[in-house]
Amino acid sequence: MLLALLLCYAGFTALCLSTDRHHGELLRSKPSPQRRLGWRASGWLLLLGSIWPAVAVAGWSQGLVEWCAVLMLSALLLVLLLPYLPRLALSLAGAGLLASPVAAFVTL
Amino acid sequence: MKSKTTLPVSYRLAVTSRALAAVFGGYLIASLAAVCMALWLPTSRADAVVTGMMSSFVFYLLAVLWCFACRTAWRAWFGVMLPTAAFATLAGVGLWMART
Amino acid sequence: MKEGFRQAMAWLHTWVGLIFGWLLFAIFLTGTLAYFKDEITHWMQPEVQAHPLDDARSLAVAQAYLQQHAPDAARWFITLPNSRDPGLSVMWQDKLDPGKRGNFVQKVVDPVSGEAVLARDSKGGEFFYRFHFQLQMPHPWGRWLSTLAAMVMFVALITGIVTHKKIFKDFFTFRPRKGQRSWLDGHNAVGVLVLPFHLMITYSSLVIFMSMVMPAPIMASYGADTRAFFSEMFPATDNAPALGQPAPLQSLVPMYTQARAQWAGGQVGRLAVNNPGDVNASVNIFRAGSDRVAQDFGSMVSFNGATGELLRVGGGQSLPALIGGTFYGLHMGHFATPVLRWLYFICGLAGTAMIGTGLVMWLGKRQLKHARTGVMPYELRLVETLNIASMSGLLIAIGAFFWANRLLPASFAERSDWEVQAFFIAWGLSLLHAALRRGRWGWIEQLSCAALLLGAVPLLNAITTEQHLGVSLARGDWAMAGFDLTCLGSGVFLAWAAWKMRCRMAPQPTAERALGLNLTREAR
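Chains as they are written, first to last, in the numbering used here: chain G, 1 to 108; chain R, 1 to 100; chain W, 1 to 524.
Among the hints, a few may not be true.
[To be verified] Below, computed lysine to any residue pairings styled on SDA-like, alpha-carbon distance capped at 20 angstroms:
no. : chain 1 : residue 1 : chain 2 : residue 2
1   : W       : Lys169    : G       : Gln34
2   : W       : Lys169    : G       : Ala41
3   : W       : Lys169    : G       : Arg36
4   : W       : Lys166    : G       : His22
5   : W       : Lys166    : G       : Asp20
6   : W       : Lys178    : G       : Glu25
7   : W       : Lys169    : G       : Gly43
8   : W       : Lys369    : W       : Val383
9   : W       : Lys169    : G       : His22
Simulated from the structure, these hints should not be mistaken for lab results. Small disclaimer: the values here were computed from a predicted structure and weren't measured.
Could you build all of it, start to finish, from the sequences and the hints given here?
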């Protein structure tokens, strides 16, 4: 579940960065159209990709339930962190991505 | 909407009428739709009943939404009664066929 | 209502949300607590000792106990201890009038010593579980009302999606400290982000009671013989009647082993023995609901109790039954591992928060209009009173329930009923208090009271039992320690909320600020 959580959180952060408003708030710049597309694509890829570790660990039925739970909770966490600790929210996503190979090695 | 201090009686009556149509008419539609599914679905008897019961709540929802979305309270009742009649006919035919 | 679809839906969302909001808040919060019902029961009956799980030993102990205490019963039920519920529960039904419900005797037996556990009489977490769908009402009415509330919730969810559909474009926005705006942001955020859970929990609660609230299709297909439907749905429980010739019951342990082999190692949840001590005794072994997501009530193995011969293997669901079972299983969450159980709990709290923020927003919007005159119309005052009593009052009631469990002496007559009484008395008092106390002072005082009650739970536990945090943490009794810590955490959180409200109140009486203050904290 940990790896799925890390990927989901990073995915939502990427999706968040694909909007003008949050990109401006977090990175203090306006994204170019290609950038925006890039963020959006990587966000969706990460979210979809996070299904795989969840299912691989717990099987289809339980895995999908866990994936849904993790999906909701990571988005909730991100939205609650953004207004209070935006830098932490961003760095968590980065750290999560960096840690994901380790998590993959441990769990899979 | 209520904050306009006094609302005309006709408005209140219309809202009550819609609410009644939604709660009771909606339940009627949901029940009849479920009955139709139970009688007409080409699966085993128990499965058809379960499918009908499970999906009936969606019909209820649609009926409620219709009752409050349409223009007037009369249309709300009309919109409830029409599918009710249709489902009732279907269910009646189904029951009749099951008997004979 | 001439303004078009979206406005009509917004209107519907507002009003059904208001009328059922208070009830739904209570249902959601107690239902959320019910995810930890075994853990709550464990805290409320600390006398029940946890032992390392050993099903064979537990089963032998249960059989010996029943053989000794209820050899002539019509039926025995044995529920094995599991990692969440340490008690070995045995139940039997006397011969008096079989077929009728009732005259059950239930005991919790220690799985090692084989003696009945003398635990304090308490409903435990079962109270919250029962309350969230029976609402402490006589038999069918509570279930009907809660199912109606679920239908209203379903309508409110769908109309809410229509009303706030812009939020799907950008649901990352939450702007705190902006008054009414923040409440709306918070409402939308917990609503949209946890939407899959809300839809699942709402629709599944309709599905769980569908044969009660939607009986028409059963009657249409089966006529008056509705029992035929249930026996077609759940075939396995067709047991032979007693013959009246005594014969000793075989040991249950080999049957248990055989049943598990049938399920490729699946867990056993419950055993039912019909007519123990008769030639025609039958043993039904049911699979545990924690094994898989979709509940399958027919998943059982049947044996002849006198010979030990395997009679039937039930199970396997058709697609509609599988979908229904999945809804049931998802709602109950029996299959959830501890981490997933916590996620369920958080989702439930998010749902509670969504309802709470909605109620507060309804009032806030309307109070703004009356802020200048300073006179609140009667209806708004009523809504405010109900808001306070239904939210902070419920928290006080929950606290009072836990306190009553520790303070009422174990020998007290009808003790478990008095715990429940304490819950409702506290709730009633908070309603009275909310009616008497003007506006925000009501909130502050009640939140402080709830904070005190819940925050002091670990202390209370340490004084009245030997299971304080030091002991439970050292022993690794996570249910006990987790309960104490969660109560402490909620106490701190509520205290913070009360303090925050007070700070905001003092300098600036502007209505905009006065209302906007605390979004997430109220959430709890």
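Do the hints match the structure? See the list:
no. : hint                   : result
1   : Lys169/W with Gln34/G  : holds, 19 angstroms
2   : Lys169/W with Ala41/G  : holds, 16 angstroms
3   : Lys169/W with Arg36/G  : holds, 14 angstroms
4   : Lys166/W with His22/G  : holds, 16 angstroms
5   : Lys166/W with Asp20/G  : holds, 16 angstroms
6   : Lys178/W with Glu25/G  : holds, 17 angstroms
7   : Lys169/W with Gly43/G  : holds, 14 angstroms
8   : Lys369/W with Val383/W : holds, 15 angstroms
9   : Lys169/W with His22/G  : holds, 13 angstroms
When each numbered hint is compared with the structure, no violation occurs for any of them.
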